[in-house]
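Take the sequences, apply the hints, and build the full model.
Number of protein chains: 2
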Amino acid sequence: MNYEQVISDTVKTNNSTIVLLVMDGVGDIRNKEFGNRTPLEYAHTPNLDKLARESSLGRMYPVLPGITPGSGPGHTSLFGYDPFDVQIGRGVLEAVGIGFNLEWGDVAARCNFSSMDENGLVTDRRAGRIPTEETERLCEKLRTIKEIDGVEIIIEPGKGHRFVTVFRSKDKKLGSSINDVDPLAEGKAPREAKGEDENSQFLANVINKFMKKGYELIKDDHPANGFLMRGIASRPELTSMRDKYLLESAAIASYPMYKGISSLLGMTLLPTGDTIESLFNTYVQSKAKYDFFFIHIKGTDQAGEDGDFLDKVRHIEEVDKYLPILLQNKPDVLAITADHSSPCPMRSHSWHPVPLLIHSRFCGTDDAKYFHENCCNKGGLGFFESKYLMGLLLANAKRLDKFGA
Amino acid sequence: MNYEQVISDTVKTNNSTIVLLVMDGVGDIRNKEFGNRTPLEYAHTPNLDKLARESSLGRMYPVLPGITPGSGPGHTSLFGYDPFDVQIGRGVLEAVGIGFNLEWGDVAARCNFSSMDENGLVTDRRAGRIPTEETERLCEKLRTIKEIDGVEIIIEPGKGHRFVTVFRSKDKKLGSSINDVDPLAEGKAPREAKGEDENSQFLANVINKFMKKGYELIKDDHPANGFLMRGIASRPELTSMRDKYLLESAAIASYPMYKGISSLLGMTLLPTGDTIESLFNTYVQSKAKYDFFFIHIKGTDQAGEDGDFLDKVRHIEEVDKYLPILLQNKPDVLAITADHSSPCPMRSHSWHPVPLLIHSRFCGTDDAKYFHENCCNKGGLGFFESKYLMGLLLANAKRLDKFGA
Chain A
0 MNYEQVISDT
10 VKTNNSTIVL
20 LVMDGVGDIR
30 NKEFGNRTPL
40 EYAHTPNLDK
50 LARESSLGRM
60 YPVLPGITPG
70 SGPGHTSLFG
80 YDPFDVQIGR
90 GVLEAVGIGF
100 NLEWGDVAAR
110 CNFSSMDENG
120 LVTDRRAGRI
130 PTEETERLCE
140 KLRTIKEIDG
150 VEIIIEPGKG
160 HRFVTVFRSK
170 DKKLGSSIND
180 VDPLAEGKAP
190 REAKGEDENS
200 QFLANVINKF
210 MKKGYELIKD
220 DHPANGFLMR
230 GIASRPELTS
240 MRDKYLLESA
250 AIASYPMYKG
260 ISSLLGMTLL
270 PTGDTIESLF
280 NTYVQSKAKY
290 DFFFIHIKGT
300 DQAGEDGDFL
310 DKVRHIEEVD
320 KYLPILLQNK
330 PDVLAITADH
340 SSPCPMRSHS
350 WHPVPLLIHS
360 RFCGTDDAKY
370 FHENCCNKGG
380 LGFFESKYLM
390 GLLLANAKRL
400 DKFGA
Chain B
0 MNYEQVISDT
10 VKTNNSTIVL
20 LVMDGVGDIR
30 NKEFGNRTPL
40 EYAHTPNLDK
50 LARESSLGRM
60 YPVLPGITPG
70 SGPGHTSLFG
80 YDPFDVQIGR
90 GVLEAVGIGF
100 NLEWGDVAAR
110 CNFSSMDENG
120 LVTDRRAGRI
130 PTEETERLCE
140 KLRTIKEIDG
150 VEIIIEPGKG
160 HRFVTVFRSK
170 DKKLGSSIND
180 VDPLAEGKAP
190 REAKGEDENS
200 QFLANVINKF
210 MKKGYELIKD
220 DHPANGFLMR
230 GIASRPELTS
240 MRDKYLLESA
250 AIASYPMYKG
260 ISSLLGMTLL
270 PTGDTIESLF
280 NTYVQSKAKY
290 DFFFIHIKGT
300 DQAGEDGDFL
310 DKVRHIEEVD
320 KYLPILLQNK
330 PDVLAITADH
340 SSPCPMRSHS
350 WHPVPLLIHS
360 RFCGTDDAKY
370 FHENCCNKGG
380 LGFFESKYLM
390 GLLLANAKRL
400 DKFGA
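Protein sequence lines, in the order shown, are assigned to chains A and B.
Residues 0 to 404 in numbering that gives the first Met the number 0 are what the first sequence lists, from first letter to last.
Residues 0 to 404 in numbering that gives the first Met the number 0 are what the second sequence lists, from first letter to last.
There's no promise every hint is true.
For identical chains, the list gives no copy identity; a pair is met inside one copy or between any two copies.
[Stated by the list, open to error] Derived DSBU-like pairs (lysine-lysine); straight-line CA-CA distance at most 35 Å:
| hint | residue 1 | residue 2 |
| --- | --- | --- |
| 1 | LYS158 | LYS169 |
| 2 | LYS377 | LYS297 |
| 3 | LYS401 | LYS320 |
| 4 | LYS187 | LYS243 |
| 5 | LYS11 | LYS187 |
Because the hints were derived from the structure by calculation, they are not lab data.
As structure tokens, then:
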């Protein structure tokens, strides 16, 4: 018996609605230039403040102390998939992120067109950031390679110089323990693909042949006379949110990566706009149709990665401004948190625990009166790992039976 | 190496006394009708308040975030038995709770007399709640079935319409992966017992024969002309508190369930009265004879399950009133906590973390000055899982050596 089994054994359905609002990277550290406050402390957020007084607060370690998660583990943890058991490769994220419908057994790679010199060395890993239309044209050329050694090759253009290659085989299991072909630096040659086991070596051979044939096809298309591959990965076999929690789940996100993760977990992707207002309105329009909504806000993370304190504050205040849209169509359980912290002074993801707010009829309240890091330290939820959040949300929705007599 | 092994490797004896006072279900959430306070916040508790200032506080997740434990996992966790590894079936709890001395290999079932119609359908699952004396008389009738297929059948009457059946075999291992025979609803027929494996199917056959023979014996005893069985379970093989912690342990509890759990862990059950005063006086009388005392207070949970805020307050104030009995005969370590929360607004067990107070010479103190949920959020013990409590109590009793050089 373990935690996931107990959840699975005790979960039940009812008519409740759960909303998980993820302010990507919102967790931060205090900044001396701004009154020694964090962006959440600095922002003017009357709606969040009121909600916090009627909620229970706490903090979550996205993985475990000291570990800085990428967007993959950051999000899968939030949905209750143990980040040590479940790993989603970057190629897979990229593929599902552009709306490609990966099948079981598919292997996907992130690719980008690149500029090469006469010696086969990379002179620009992004081929001068060629426009999407040019990438589409070049992908059409590569698509003439339909199959190598019985492995189907599927090419899908992305934004700018990016594209995705998917390898599919009907009869053979394709391995994906394969190094990046991308040397990740200019002045170097692409690396040879090598597999760590037999099934991976088989695909590595296919990849090497594909690189050779593809380079031949676009050799005169300078600046995009080459391409590079990385993040080669198989589609992970994940239990869907429906099977795991009996939740009909919908994702409201405008960025490919988060749509991608959601679709791997079997969530329905709801069409939505780019603004926070449109994300929230999409929830209101679909509230009756789903049990669980994942709403993803990207701006807070982007501001953190740019080191732009005031831009982060602006995104937080924007969430606060439109929060009444959610509250006027209140779900039974509303959680607000982040997948990881992205402190402005660090300009990157970090290991710092994220702030968490849970609001429900039975959440209980505490003396933690504001939704910011320091108040959350004193909340009634304490500190725990993000992978336990879904259990708490289900409990607050009264969707879990008692464990044991 | 894991936690339990470290405790086992480092534990030692000394002359210290540890008291674990469990106020069953005392954890709660704030209630707007009572000044937005929890019962612990609302109650007038001068003795607990003084003790809290000389103690270290914290909160415990009984199992893990979101999981609502039954009394079994709630208590086994408190005693340091991992609730995912150790599960005590309801039949076993019921049997040991009425003082029956289960042997290894025994399988026990909760039974109740029921009323049946001419078509064999249940018309009243509790047979009009017949009095204990009638249950005793009917049990005598059933006791004429001494054995089926070599399996000894032992019948023990409980309170009201309840009794326990124990199945015992000298030569055959009895399985207990067997469904409830009780249909758990009126208007339905008892279900046929079915086993999930060979040893369980063997006992399931015995149970089906026992049901048939038993029904024949009491067919004219309306309203109790039938009986139902559920919670069929084997006695779990648990390391005793003596073997696990080198503690001579005693339980001071007046409710069968908690006596039952204690006896499964090898604790001595001390005869006691029903009042908090008598529970505490029992400790004083036996203080010299044991290392560890588990004192169980039921009223707080009962009030929570009844949704009776002021009754919960009354039980808390009663504990406070008699607390000086414990303090005048102070143990080296005194812990006060709960096995789970039972918030009055929910009228049931819940997942909310429980408040914890530990008082000892070396406990340290913190700024958490009152023994209630919200103060405990800020205490020096933080939030942790109940299964680690025994380690803390042993440490405070200086009964644990250093781990590692």
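Report task. Sort out which numbered hints this structure fails and list those numbers smallest first. Result -> Those not satisfied: there are none.
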